[in-house]
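S.K.: Start from the sequences and build out the full structure, keeping to the hints where you can.
Residue numbers (the working numbering), protein chains in the order written: chain A, 1 to 313; chain B, 1 to 389; chain C, 1 to 384.
Be a bit skeptical, because a hint or two may be false.
Calculated pairs, DSS-like style, for lysine-lysine (alpha carbon to alpha carbon, straight line, at most 27 Å) [to be verified]:
1. Lys70(A) to Lys56(A)
2. Lys284(A) to Lys225(A)
3. Lys225(A) to Lys256(A)
4. Lys70(A) to Lys225(C)
5. Lys108(A) to Lys11(C)
6. Lys17(C) to Lys136(A)
7. Lys323(B) to Lys98(C)
8. Lys67(C) to Lys98(C)
9. Lys154(A) to Lys225(C)
10. Lys114(A) to Lys225(C)
11. Lys213(B) to Lys135(A)
12. Lys128(A) to Lys110(A)
13. Lys110(A) to Lys130(A)
14. Lys225(A) to Lys108(A)
15. Lys131(C) to Lys78(B)
16. Lys131(C) to Lys108(C)
17. Lys108(C) to Lys161(B)
18. Lys70(A) to Lys131(A)
19. Lys98(C) to Lys173(C)
20. Lys9(B) to Lys384(B)
21. Lys346(B) to Lys323(B)
22. Lys108(C) to Lys181(B)
23. Lys37(B) to Lys346(B)
24. Lys154(A) to Lys11(C)
25. Lys181(A) to Lys29(A)
26. Lys323(B) to Lys49(C)
27. Lys11(C) to Lys110(A)
28. Lys29(A) to Lys16(A)
29. Lys213(B) to Lys136(A)
30. Lys67(C) to Lys56(A)
31. Lys51(B) to Lys292(C)
32. Lys130(A) to Lys17(C)
Incomplete in silico selection of chain C near chain A, CB under 10 Å [claimed, not checked]:
33. Leu221
34. Glu379
35. Ile384
Calculated from the structure, these hints are not laboratory results. Since this is a predicted model, take the numbers as computed values, not measurements. Using N, Cα and C, we set each Cβ at its ideal position, and we do this for glycine too.
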Amino acid sequence: MGASVITVENLVKRYKELIALDHFNLDIKEGEIFGLLGPNGSGKTTTMNCILSLLKYDKGVIKIFGKEMKPDSYELKKDIGVVMQNVAVFDELTVYENVDYFCGLYIKDKATRKQYVEEAIQFVDLEKFKKFYPKKLSGGLLRRLNIACGIAHKPKLIFLDEPTVAVDPQSRNNILEGIVKLNKNGATIVYTSHYMEEVEQICTRIMIMDKGKNITQGTAAELKKMIRNTETIHIEILNLPDSVIEKIKELTHVYKVEYAENLLKVFYNGGKHNLIKVLDLLSKEDLSFGRVYSELPTLNDVFLEITGKELRD
Amino acid sequence: MQVFKTYFKVSKKHLGAFFIYTTIFIVLLSVFVAQRKEESDPAAFQSSKIKVSIFDHDQSDLSTSLVSFISENHNIVKIDEDLKSIRDKMYIRDVEYVLIIPEGFEKKLTSTDIDPSYGLEAYKFPGSVSATFIQSQINSFLNIYSSYTILGYDANTANEKTLETLSLETEANVSAALEEKISVPHIYYTIICYILVSVIVMCIAPIIIVFNKEELKNRTNLSCVSQVKRNLSIAAASLIFTLLIFLLFTVISFFMAGNEMKTGIGALRILNTFVNSIVCLSFAFMIATFVTNENQLTFIANFFGLASSFLCGVFVGREFLGKAVVNFSKILPAYWYMDVEIALSKYNNISQFTESTTRTLTYGYVIQILFAIVMFSVGMVISKSRKSA
Amino acid sequence: MFLHLYKYRLKTIIRSKVDFFWVLLFPLLLGTCFYTAFHNLTTSLEEFKTIPVAIVCEDNSDLTFFKEYVKALSSDENNIISVTYTNAGEAQTLLSDKKVTGIITLKKSIPSLTFQDSDSSNKSISQSILKELMDSYLQSMDILSNVDVKDTGNMIAVINHLSNNADYIIERKLTNGNTDYMLDYYYSLIAMTCMFGCYSGLSCVNGLKADLSAQGMRKCLSSTKRLTLILGDFFASCTFPILSNIILIIYLKYILKINLGGNVLLIMATTVVGSIIGVCVGLFVGAIPTIKPGAKNGILTSLSLLSSFLSGLMVAGIKYKIEKVLPILNKLNPAAVITDALYSLNIYDTYHQYITCISILAVMSVILCTLSYLMIRRESYASI
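M.R.: In structure tokens form, the structure reads like this:
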């Protein structure tokens with residue numbers, strides 16, 4: 001981890017009565033893939049827009065690459081790339097022309113730009129679609145074009161705001177792989193999403209936010225360690241007597257048992273080989289069961305435990 | 001029902017535009033009616049008084065008589081005698097005719113050698129019919145005056161006798177004059193043809209377009225509501241707005257025309273407008289099925305509104321358009337609307353209607369309804385083909 | 001950078017095929033419409049046709065003079081009227097069947113006229129002409145009544161004098177330009193086409209503001225200076241309306257062969273400035289943050305139509321009425337100023353009036369551009 005690329009101190013943003021960002025702090029280091037995770041309306045996009053100086057904010061200091069970020073900080077903007085939630089391309093221009101246009105807003109030299117554009121199209125795997133118009137592209141391909149337009153000028157800092165919304169699984173994987181590649185090539189990534197699986201998959205550090213506040217931050221492993229739950233075992237079982245439930249409750253590391261609609265859930269806060277122990281118990285009681293699986297805690301669990309809400313509504 | 005409700009939700013966003021269009025067109029309508037009323041005011045027309053400037057360099061008995069004659073029949077306006085002033089004043093219609101009487105005119109006129117090349121100079125407003133009329137008055141005056149001078153009368157007597165002679169007029173009778181009477185209701189219900197098509201199309205078509213786009217996006221085509229049912233729901237909801245617009249402009253006509261609307265003729269005018277509103281709605285429905293954005297809609301709606309208004313005699317009277325144009329315009333619904341309106345304008349009372357009048361009215365109403373049906377059907381067909389595309 | 005922006009914005013505009021089609025075609029179609037409607041008007045009014053008349057003599061009074069008078073009018077040389085002498089009943093039939101324009105009934109040598117409904121302007125002109133001819137006859141008879149029957153010398157002198165029908169008036173030309181008043185409609189059409197450039201202006205603004213489009217947002221985030229971005233898009237947005245107006249002028253002048261009056265290059269220059277003001281109006285309205293995006297199109301359409309109407313698009317005399325009642329409105333209405341400029345090119349030999357109009361348009365453009373710039377250049381918003 002290197003120097004701070006983005007520092008946000010005490011950011012406050014109000015929309016009339018509503019406080020969108022409540023004394024929000026952020027520190028992103030060079031080379032990170034920083035994930036900003038939170039439910040809809042938590043302030044992720046607002047944070048991003050404030051950092052980019054698109055939104056006016058009421059209080060706080062925002063610095064990028066050590067310098068204060070303002071709307072006319074054109075030198076800083078040269079090194080920033082943005083991939084927005086809404087696909088921002090021109091329907092009347094081909095894939096190649098779109099990337100060329102947006103790259104041209106940063107790179108004046110024609111030869112360099114041509115090279116960058118080719119590389120960007122190659123990077124998102126849209127070479128076969130160079131002469132296509134956006135209307136002819138599927139959702140996933142359109143998102144890839146959106147990304148190409150945002151990163152063609154090889155920025156050092158890239159913001160991606162929910163880039164995989166409504167995208168097919170194959171394109172989604174392509175996009176996530178691409179982001180990791182960009183990071184390997186030296187870019188710092190800020191990735192906002194409400195898909196915890198993606199954030200978990202690629203982000204080196206994650207911040208969970210809600211209602212404009214920073215709830216917690218750390219690596220995925222660190223976050224999960226914050227909560228009690230280490231494992232949850234699910235067993236399909238019919239007519240489970242209460243006495244057996246009591247017995248399961250007494251097993252070590254079990255802190256909660258739930259049984260509803262023929263599904264038994266046993267929550268553990270530690271221990272090993274928990275599955276064997278509980279199955280053993282059930283066999284001794286002469287109970288047969290159906291599907292059995294063990295679930296490790298997710299970021300949703302982290303979020304749930306801290307805020308009492310689900311990440312995804 | 002779902003479609004119906006959604007329509008009103010979508011329409012809420014467009015209320016601002018709705019209000020703006022209606023206001024602007026009411027302003028346009030009021031100015032148009034006021035202007036046309038003034039232009040065709042019978043009092044103003046009959047007297048044919050125009051604004052005249054005379055520069056009398058002769059100051060003779062003849063010229064004084066002539067000037068006096070002109071001032072009796074027209075309005076004298078004082079301006080500067082240079083070409084620029086004359087042009088400027090004419091440009092803004094402050095003066096319509098300028099007469100310059102050169103020095104020595106009386107002598108030349110009353111000599112036996114009458115050479116009109118030593119005549120008066122005149123500047124007249126281009127295309128002015130009244131200006132042509134005043135010229136013939138002046139020529140008549142001078143011809144008669146010079147005749148009396150030939151007969152040996154002195155200036156005063158010649159002048160007196162000239163005025164007497166000029167007062168002689170042929171009796172003219174016009175039998176059973178069935179003229180298109182220019183009244184406020186007629187002016188109003190002429191321009192309303194253009195106003196309605198513009199307001200209805202610009203207010204309603206955008207809602208239907210948004211509706212079509214939203215649907216395609218959300219793929220509610222897969223819903224269990226059939227295309228026909230859905231279109232009928234849209235048409236029904238649009239009809240409510242159309243009726244509101246129709247009622248608004250009908251109420252305004254009562255304000256402007258008052259008592260003249262509280263007659264049988266007034267009722268028939270309202271019916272004609274109602275039918276025309278339905279035609280406009282069908283047109284809006286039809287074009288909303290293939291137009292994809294508001295810019296296109298603006299151009300198409302304005303083109304058809306203006307073109308059909310010009311070709312069917314809304315802005316320029318039908319009598320001024322060529323036969324070919326009038327025949328061609330029969331393919332436009334506005335023609336049949338105007339047919340009814342022109343027929344109605346000739347009468348004060350329904351009891352005066354002849355058989356041919358009733359026929360004209362019936363044709364007018366029925367053909368407009370047929371247009372509405374055809375356009376709506378075309379809209380349904382296009383809508384269906386778009387869905388399956 | 002500027003060329004890069006200009007090139008791509010122009011491509012975007014040209015490739016929005018249906019918009020492109022309509023912006024180009026709309027004025028051409030409407031111009032053709034006007035031409036079709038008005039073309040006949042001037043020719044039909046100027047054409048003079050011999051007026052058919054029926055003459056009925058109710059008594060046996062002396063009609064020598066009258067018949068001579070009528071003979072002169074219906075001679076091959078003059079051919080102003082064509083005469084049918086008949087009885088009252090047949091004359092009425094001819095009138096009802098529209099075979100004659102009017103009936104002249106002679107009673108005690110005094111003519112009176114009978115017409116039927118006049119539902120066409122041609123007919124009413126014919127009726128006026130007939131009345132004037134009969135008035136002329138009555139007046140001539142009155143003059144001759146002052147002459148002693150035995151004084152043949154004077155009688156002949158007066159008759160000769162009257163039959164010369166001298167025209168004492170020499171009409172001076174006020175202008176060398178085309179005085180066809182239908183030209184006002186064409187000027188208003190050109191003005192309206194200029195005003196419709198406002199949609200290009202609106203679309204330009206939508207592509208520049210982050211709160212109006214995603215593309216605008218991307219542009220705001222780029223490292224290109226704001227002014228450069230705005231200028232590039234603005235000039236591209238002006239190009240197409242200017243081009244479509246020039247095409248309209250070429251179409252009207254060289255294909256429909258309408259004499260627009262004045263120097264064609266200056267007319268085109270007027271439309272260039274007119275198009276720019278149209279785009280600026282769109283730019284300005286589009287840039288106002290408090291107006292909802294959906295309402296902007298409505299406002300621009302209404303403004304364009306209203307300003308065209310007030311410049312005389314639908315009713316020719318309105319501009320002059322406004323000049324008397326509220327002259328400042330004509331100076332503030334861009335469409336009225338454009339029509340004024342075109343009219344002055346046509347009518348005046350000097351360019352003073354024309355330059356005044358162009359200056360007004362230029363000043364308006366600068367003011368609107370400046371105000372728009374102040375609203376667009378902002379890159380931070382209270383909310384997006």
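S.K.: Work down the list of hints and note, for each, if the structure agrees.
M.R.: We went through each hint and held it up to the structure:
Distance check on the hinted pair: Lys70(A) and Lys56(A) sit about 10 Å apart at the alpha-carbon level, within 27 Å; holds. Using a Cα cut-off of 27 Å, the hinted pair Lys284(A) and Lys225(A) is violated, with the two alpha carbons roughly 33 Å apart. At roughly 18 Å between alpha-carbon atoms, Lys225(A) and Lys256(A) fall within 27 Å of each other, so this suggested pair holds. For the suggested pair Lys70(A) and Lys225(C), the alpha carbons sit about 13 Å apart, so the restraint of at most 27 Å is met.
Restraint check for Lys108(A) and Lys11(C): satisfied, since their Cα atoms lie roughly 19 Å apart, inside the 27 Å limit. Taking the CA atoms of Lys17(C) and Lys136(A), the gap is near 16 Å; set against the 27 Å cutoff, the hint holds. For the proposed pair Lys323(B) and Lys98(C), the alpha carbon gap of about 18 Å is at most 27 Å, so the pair holds. Restraint check for Lys67(C) and Lys98(C): satisfied, since their Cα atoms lie roughly 24 Å apart, inside the 27 Å limit.
Annotation: proposed proximity of Lys154(A) to Lys225(C) holds, straight-line Cα distance about 19 Å (limit 27 Å). Distance restraint check for Lys114(A) and Lys225(C): the Cα-Cα separation of roughly 21 Å lies within the 27 Å cut-off, and the hinted pair is therefore satisfied. A hinted pair counts as satisfied when its Cα atoms are at most 27 Å apart, and Lys213(B) with Lys135(A) qualifies at roughly 14 Å. At roughly 23 Å between alpha-carbon atoms, Lys128(A) and Lys110(A) fall within 27 Å of each other, so this suggested pair holds.
Distance restraint check for Lys110(A) and Lys130(A): the Cα-Cα separation of roughly 18 Å lies within the 27 Å cut-off, and the hinted pair is therefore satisfied. Of the pairs offered as hints, the one joining Lys225(A) and Lys108(A) is violated, with about 49 Å between alpha carbons and a cut-off of 27 Å exceeded. The straight-line distance between the Cα atoms of Lys131(C) and Lys78(B) is roughly 32 Å, outside the 27 Å bound, and the hint therefore fails. Between Lys131(C) and Lys108(C) the CA atoms are separated by roughly 18 Å; this keeps the pair inside 27 Å, and the hint holds.
Note on Lys108(C) and Lys161(B): the hinted pairing holds, with a Cα-Cα distance of about 23 Å set against a maximum of 27 Å. For the proposed pair Lys70(A) and Lys131(A), the alpha carbon gap of about 37 Å is over 27 Å, so the pair is violated. With a C-alpha separation of about 39 Å, the suggested pairing of Lys98(C) with Lys173(C) is violated against the 27 Å cut-off. Restraint check for Lys9(B) and Lys384(B): satisfied, since their Cα atoms lie roughly 24 Å apart, inside the 27 Å limit.
Taken as a hint, the Lys346(B) and Lys323(B) pair is honoured in the structure, with Cα atoms around 21 Å apart against an allowance of 27 Å. At most 27 Å may separate the alpha-carbon atoms for a hinted pair to count; Lys108(C) and Lys181(B) exceed this at roughly 35 Å. Pair hint Lys37(B) plus Lys346(B) holds up; C-alpha atoms about 17 Å apart against a cutoff of 27 Å. As the CA atoms of Lys154(A) and Lys11(C) are separated by approximately 25 Å, the hinted pair is consistent with the 27 Å bound.
A hinted pair counts as satisfied when its Cα atoms are at most 27 Å apart, and Lys181(A) with Lys29(A) qualifies at roughly 18 Å. Between Lys323(B) and Lys49(C) the CA atoms are separated by roughly 17 Å; this keeps the pair inside 27 Å, and the hint holds. Taken as a hint, the Lys11(C) and Lys110(A) pair is honoured in the structure, with Cα atoms around 18 Å apart against an allowance of 27 Å. Restraint check: the Cα-Cα separation between Lys29(A) and Lys16(A) comes to about 33 Å, which exceeds 27 Å; the hinted pair is violated.
A hinted pair counts as satisfied when its Cα atoms are at most 27 Å apart, and Lys213(B) with Lys136(A) qualifies at roughly 17 Å. Distance check on the hinted pair: Lys67(C) and Lys56(A) sit about 96 Å apart at the alpha-carbon level, beyond 27 Å; violated. Taking the CA atoms of Lys51(B) and Lys292(C), the gap is near 50 Å; set against the 27 Å cutoff, the hint is violated. At most 27 Å may separate the alpha-carbon atoms for a hinted pair to count; Lys130(A) and Lys17(C) meet this at roughly 21 Å.
At about 5 Å, the closest approach between the beta carbon of Leu221(C) and any beta carbon in chain A falls short of 10 Å, and the interface hint on this residue holds. With a cut of 10 Å, the hint placing Glu379(C) at the interface with chain A holds, because the nearest CB-to-CB distance is about 4 Å. A cut of 10 Å between beta carbons decides the hint on Ile384(C): the least distance to chain A is about 6 Å, and the hint holds.
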